[in-house]
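Colleague: For this one, chain V is given, so just place chains L and X on it according to the hints.
Chains as they are written, first to last, in our numbering: chain V, 1 to 329; chain L, 1 to 255; chain X, 1 to 286.
Since the hints were made in silico from the structure, they are not lab data. Some hints could be false.
[Said to hold, decoys possible] Computed list of chain V residues with no C-beta within reach of chain L, every gap over 10 Å:
hint, residue
1, Ile95
2, Val133
3, Pro151
4, Tyr170
5, Ile271
6, Ile282
7, Tyr289
[As the list claims (entries may be wrong)] What the simulated footprint calls covered on chain V by chain L, stretch by stretch (three residues with Cβ under 8 Å from a Cβ of chain L suffice, anywhere in the stretch; the number is not a length):
hint, segment
8, 185-193
9, 294-302
What you are looking at is a predicted structure, and each value in this text was computed from that prediction instead of being measured. We put the CB at the ideal spot given by N, CA and C, even for glycine.
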Amino acid sequence: MGRRSLDTNKKNISYLAGIAVAIILPLVIRLTGAYWAHILILIGIYAILATSLNLIMGYTGQADLAHSALYGVGAYTSGIIAIRFGINFWITLPIAGLVAVAIGSILGLITLRLRGTYFALACSAFLFLMSMVFTNLRNLTGGIQGLLFIPSASIGGFVIHQKDKIIWTYIVFAVLLLTIFVVDRVVHSRVGRALIAIREDEDLAKSTGVNTFWYKMIAFVVATFFAGVSGALFATYNGMVTPANFDIILFFMIVAACFIGGLGTLLGPVIGAVIVVLLPEILRVTGQYYFVIFGVFIIAATLFAPDGVIGLVTKARKKLARRQQKAVD
Amino acid sequence: MKILEVKNLTKKFGGLVAVNNFNLEVEQGMLFGLIGPNGSGKSVFFNTISGIYKDNGGDIIFKGERINNLPPYTITKKGIARTFQSSRAFSEMSALENVMLGTHCRTSCTLWGAISRTRVVRKEMKETEAKALSILEFVGMSKAQDTPVKDLTHVMRNMIGIAVALATDPILLLLDEPLGGMNPNEVASSMELIKKIQIRGITVLLVEHHMKAIMGICDRIAVIDMGNKIAEGTPQEVSQNKEVIEAYLGRGQTA
Amino acid sequence: MELFIQALAAGLVIGCVYCLISIGLTMIFSIMRIVNFAHGEFFMLGGYIGWFVVNHYVSNYWLAVLIAVLAGGILGFLTEKIYSRVYGKNLLSMFMISLGLVLILQNGSQIIFGAMSRSLFNFYPTVREIGFVRINDQRLIIVGATIMAIAGVLLFFKYTKMGKAMRATAGNRRGAGVVGIKAERMSMFAFIGGIALTALAGVLLAPLYSLLPTIGDRLTGVAFTCIVIGGIGSIGGAAIAGFAVGIVENIFGTYFSTAWAFAPMFVLLLLVLVVKPLGLFGKEVA
Chain V
1 MGRRSLDTNK KNISYLAGIA VAIILPLVIR LTGAYWAHIL ILIGIYAILA
51 TSLNLIMGYT GQADLAHSAL YGVGAYTSGI IAIRFGINFW ITLPIAGLVA
101 VAIGSILGLI TLRLRGTYFA LACSAFLFLM SMVFTNLRNL TGGIQGLLFI
151 PSASIGGFVI HQKDKIIWTY IVFAVLLLTI FVVDRVVHSR VGRALIAIRE
201 DEDLAKSTGV NTFWYKMIAF VVATFFAGVS GALFATYNGM VTPANFDIIL
251 FFMIVAACFI GGLGTLLGPV IGAVIVVLLP EILRVTGQYY FVIFGVFIIA
301 ATLFAPDGVI GLVTKARKKL ARRQQKAVD
Chain L
1 MKILEVKNLT KKFGGLVAVN NFNLEVEQGM LFGLIGPNGS GKSVFFNTIS
51 GIYKDNGGDI IFKGERINNL PPYTITKKGI ARTFQSSRAF SEMSALENVM
101 LGTHCRTSCT LWGAISRTRV VRKEMKETEA KALSILEFVG MSKAQDTPVK
151 DLTHVMRNMI GIAVALATDP ILLLLDEPLG GMNPNEVASS MELIKKIQIR
201 GITVLLVEHH MKAIMGICDR IAVIDMGNKI AEGTPQEVSQ NKEVIEAYLG
251 RGQTA
Chain X
1 MELFIQALAA GLVIGCVYCL ISIGLTMIFS IMRIVNFAHG EFFMLGGYIG
51 WFVVNHYVSN YWLAVLIAVL AGGILGFLTE KIYSRVYGKN LLSMFMISLG
101 LVLILQNGSQ IIFGAMSRSL FNFYPTVREI GFVRINDQRL IIVGATIMAI
151 AGVLLFFKYT KMGKAMRATA GNRRGAGVVG IKAERMSMFA FIGGIALTAL
201 AGVLLAPLYS LLPTIGDRLT GVAFTCIVIG GIGSIGGAAI AGFAVGIVEN
251 IFGTYFSTAW AFAPMFVLLL LVLVVKPLGL FGKEVA
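In isolation and in its complexed conformation, chain V is listed as follows (with noise of 0.2 Å):
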């Protein structure tokens, strides 16, 4: 049990680093100018939106295309109740979160049965419904130009503006921090050990005793929870959100993210998601070959690092650990 223990103190000790992070890093970023910050904002965004996809394509395998339009059903749930109800940011939070569990899951009943490339193709073609929802229903969503003037978030008399950016972000990191601990407790537990059992062998898994399709499910609901809260948070960050919000692209970036920084880990979206919002600003200077160099950089990084920034890091740490072995002997 001893090896038990280390492992926890490590673990108590990364999230306390973590919390660390996340209180002094607004604060030196804002710094800098609004800007920068805004960008952190955006990180936090995506890393939320990585690591609940991480749950489902890096620990149980299954190539959900249809994330980005529950991320787009939360943001719009937020907006149109806020704004039809003037419901308060801080319910509105979670209740988006909720109805993306409830869509997903009708989603997740429809497809979950369906293997690797069928499910990814019924998953796209819900991606792709769900954006000619987001356009065509004009009433509901505001059409093309989208929902404008979402009221900003505010406690008691205090009125959170777009401005506000440390605010925002300590917002955002702290859902952020809750999603990797909520996400770390799963995959650490019997549920996680089914999840990769499922990954690594379906159909074994199957024999083993365990009701794949069930496992699924619950980590359907725990990834959409987070991208419907994920969503709210944009909604009402950014105070407008329109279809091109959550385009064929977005969708791009977070698997790229969770692809980068390294799939079934629990640090490797949220590195991914710092290096695919930074890339654009870094490349920024190329101008209109941005896009050309980013799909050149994933084509290398699938060849030569598919197991991400986390996977070269492991790689490292093991040549190293054997390189002092050999000095040693």
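Modeller: Leaving out everything else, chains L and X in the frame of chain V:
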């Protein structure tokens, strides 16, 4: 008491009949062997019982209950566990985690428990780990507990497969060619292990090619050829059966 | 009534284009099991290359078609080289490569050809009246070319040695390997042929619609919908599904709103996946 009764079981793939009107009865506590030439339908038979294939007729009765066409995880939960040929396991997980997964259908922590980690949940997690460790010791794989299964040898993975099956607390254990690829020492210790499993009270249905092993430890043997049962009896009776000898040697098939 | 037949005819023409793209995708998917989400981009490139030839070299449509098809073949060759390195790995790796290709091809086209829409000059604008239908020559060319292409493909797969080898590889890759069929060569030809067909579809349709770097996205969706409805591994199924989708889409768009024109397609896709994942004519492959 009859643990397993198979009555007139048939399984077809299109026009090919893989299992034909097969009848079998396994008494509780028995070590029952199933042998036959390559391609005779042994694995198809196992797959149909464990729920992977749907049958085309007949009854599979386990402890008096008809279990035809139930999903595999339900059948496992009811008490039938199995291993696979080709040492199948969950590659990225460690040996210990593989065996802990085996306990899945006997434990109950769900989503809320995983997140909240109440005392009950934490107790279950500790018990799961302890049970998995003891099963690993039982099969002799304690040293490999933290090794990712993909790094283990073929034979070690077979042992892990048996450990996983044992972790489901089975009443009936279906072993699908567990001795594949083993040298004589490994065969001997595996046979001891299978005997130990029987002593624990688990009924074992064993499919194997290794003739000496089967004849050595089984209480009763059935012989299948081209989907049909061609003989059944004690090892002594079966080894002297003319049709059996013909099936293995006469028509140029190898054991 | 006249409106209906007109819509039907227009849908049939679009269906021809969808049919070609779907056959191209079927060839790649059934032999390589590669999910190429960048498929529609090659359609877009076919159109752009045709436009480029006509606008910058010779004002000859047929030359443009030829060059577009050849270019498609070369692109197929290059793309296969990339995809073959992740053959057999998980779906996500394939998807990431598709994603990378989409980004490169779409934005590359935007850089090379500009973001404004382009138009390939329609060399055959003469409108004829056939029965109740008014149809221009370019559309007739599309139909004719499609019929020839389908016939060619079917004959190729049924009677030629290469064709039979490809069908064998699609059915059972390892088994085919055992009898001496090199799977890598089959993949190569599948890609070359499949992408060339897609590029052909692009250059055929280009004179009738504007060219934008983004037109490929929707067509990828159409192609996948068609192969799922028609059945994975069935060329005939993909063809029939292509026609069906084109007709349904056009009729739906004519009578209801064009905004929702693509909705029935996706709903149908979901239905087929849930009810009969193998599609109408699909065969379970090893």
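Colleague: Taking the hints in turn, state whether each one holds.
Modeller: Here is how each hint holds up against the structure:
Remark: the non-interface label on Ile95/V is consistent with the geometry, its nearest Cβ contact in chain L lying 20 Å away (cut-off 10 Å). With a least beta-carbon separation of about 29 Å from chain L, Val133/V lies farther than 10 Å from that chain, consistent with its non-interface assignment. Every beta carbon of chain L lies more than 10 Å from that of Pro151/V, the smallest distance being close to 31 Å; the non-interface claim holds. With a closest Cβ-Cβ approach of about 23 Å to chain L, Tyr170/V is found to remain outside the 10 Å limit, as its non-interface label requires.
Every beta carbon of chain L lies more than 10 Å from that of Ile271/V, the smallest distance being close to 20 Å; the non-interface claim holds. Interface exclusion of Ile282/V from chain L stands, the closest Cβ pair being 33 Å apart, more than 10 Å. Non-interface status of Tyr289/V relative to chain L is upheld: no Cβ of that chain comes within 10 Å, the nearest being about 38 Å off. For a cut-off of 8 Å, the count of residues in the segment 185-193 of chain V with a CB near a CB of chain L stands at 7, and the three-residue condition holds.
Only residues whose C-beta sits within less than 8 Å of a C-beta in chain L count toward coverage, and the segment 294-302 of chain V has 0 of them, not enough to reach three; the restraint is violated.
Checked against the numbered hints given earlier, the structure breaks only hint 9 and satisfies all the rest.
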